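*Asks:* Use these hints to put chains B and C onto chain A, whose structure you have.
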Amino acid sequence: MLFEPRIIGFCCFNCAYSAADLAGSMRLAYAPAVRIVGVPCTGAVEDAVILAAFEEGADGVFVAGCLEGECHYRSGNIRARQRVQRLRRALQEMGLDGERLAMYNLSAAMGSRFAELANEFSRRIRLLGPSPVRKGGGGA
Amino acid sequence: MNSGGRLEKALAEREFAVTAEIGPPRNASGESVRAKARLLKGFVHAANVTDCQSAVVRLASLAAALHVQAEGVEAVWQMTCRDRNRIAMQSDLLGAASLGIKNVLCLTGDHQKFGNHPAAKNVFDLDSVQMVEMVRRMRDDGRFHCGDEIKGPLPRFLIGAVENATAEPTVLRLLRLRKKVAAGAQFIQTQGVFDLARFEVFMREAADAGILENCRLLAGVIPLKSARAARFMNERVPGVRIPDEVVRRMEQSRDQEEEGIRIAVETVDALRRVPGVAGVHLMAVAWEEAVPRIVSEAGIKPLGDR
Amino acid sequence: MIVAEAKPLEELLACLEESRRALIVSCSGCTAVCLTGGAAQATSLASRLKIAKRINGSDLDVETAFLLRQCEPELLPAIADRCARADVLISLACGVGVQQLAEAYPDKWVIPALNTTFAGSYAGEGVWEERCGLCGNCVLHLTGGVCPVTRCAKGLLNGPCGGPADGRCEVDPEVPCAWILIYERLQAQGRLELFTQVRPAKDWRSARDGGLRRFSREGMSRE
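Chains as they are written, first to last, in the numbering used here: chain A, 25 to 164; chain B, 36 to 341; chain C, 10 to 232.
With the rest of the complex left out, here is chain A (with noise of 0.2 angstroms):
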């Protein structure tokens, strides 16, 4: 059977957000499970926003901002990597694999980088299975 996973891409406007905008200009295909939430800054986004896709059934969660030393706010992406880092380690120890959440960095023009990336993450994440939250029980 095949497994469509939910997956949910928090995206710097400056940067990630506008990259995968280029994506679809240019007509790049990539996993269409991929939802995009724009952000104003990847440092904006709390654990609570994160931990909440997670309750709310996603099966794989990525934060996408600038390339470090390029943030609009000097270090909101350096911030946002080190809470990607903490909270793949929370994941662990409520039960669900570190794997499903993880941290990119792109530049506004890098179209193809953000569909190559999404593609990756999303085999990444249909290898995993579904979220054992969506599930109610087993797996990780």
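Hint data in this document are derived by calculation from the structure and do not stem from the laboratory.
As the structure is a computational prediction, the values presented were derived from the model and not from experiment.
It is possible that some hints are incorrect.
Said to hold, decoys possible - Not the full set, but computed from the structure, chain A residues with beta-carbon under 7 angstroms of chain C: (1) E28; (2) A68; (3) A72; (4) F78; (5) M118; (6) G119; (7) V157.
Even glycine gets a Cβ: it sits at the ideal position worked out from N, Cα and C.
*Replies:* Just chains B and C now, kept in the frame of chain A:
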């Protein structure tokens, strides 16, 4: 057998056990400890040596225990949680075992507030239940508290603990006693008993709960030297509660010391009849001469060359 | 401020096996400042508990209540309704707040979600460090403003032990030796005589050793 000592044998053979208490001096005199031990010789299975009781600095209980044993009296070496952390405790336990100490009594210890160094920092790294368990594991499992193996001879102690049998609420005392026994206490010495009715309730409930199946209990008896001493204990010694009628009886007697001995003999006599009592522990600190009289007058047969 | 760290989720989950309805109570005081006990952490903890329970095949209803300060008894009745609905209360306050919550709702099982670790302050972004041992008998005027009771692992009062190497504590090479800091500060101030004076043994009655501490300010009682 663990220690192979006299107290352990007496308890194993269900002989009515007698222990007494020796308070080491507030100076460096070993002779004063030895003199007290000589007074007790032949009347007790073992003599407790207190560990800075009431938090007053005294000659070390381990050193005093050696003086006592040098006089041919087996020592019950007391150790409190107040002044030593787990490192010092285990070190002292090994040392004591190497010097031939057979019995260790594990106590929490009076708070330093009651002693002559109230400004001291207290330790209480372990509590008495944890100490009992540590001593048992060192002996039975050959392990230090941290889990490391003790390579070589193990400290083989008979392990004792204390309980305040007549304190309230009884149910709480029983819960704590159960923990001490579960941790490994093989004998219990109680705080001085003055209220026999309450003590009997305690013993009955302990028996009903099956707490004393693997543990022998020695009931504490404190001979009162004077009515003043009784009042002092009521005011200053934590855990001791002497009923008003006993204090009054002391006050009204013409010879208070004699009356004190009489009360102690009556108490020993009554305690012997309480089911589950394996012996008595006579706490005549600074009045050790009273012990031979109480033992003889209570009709406990002389202990020969014990 | 008081600093507290989150307990492992596993420890909390072990307490919640029988629970159906939990209320997480946050604190906007010290534990919010050190980012372990505020409203954001309460929301996040609620999610984490719900996810973990759902993966285990059981459902836990988790509510959150945000308190300005949990150590303030007057603020606690405000959440009475929500406390009444819950079968267990999870506190994100320090040990003081946990006890106030337990006292306000004595029939409830109150679970501390944090380990209260020390009285300290900001020591760089996302870092807090112990500064006060609450000994009740301050010596900071004699030690160049550096507390030897907490910042020396042995709590020494008369200078460093023989252990420090390169100005670092023998217990943790990341930590500067408190007594070397004290020496340097007193030297810079030209007050080395404070270092050379022999400090007598401390009176620990004012510390935890002396029993429960209590402070009453005269003129504040209505009786």
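*Asks:* Mind listing which of the numbered hints don't hold for this structure, in increasing order?
*Replies:* 1 and 2
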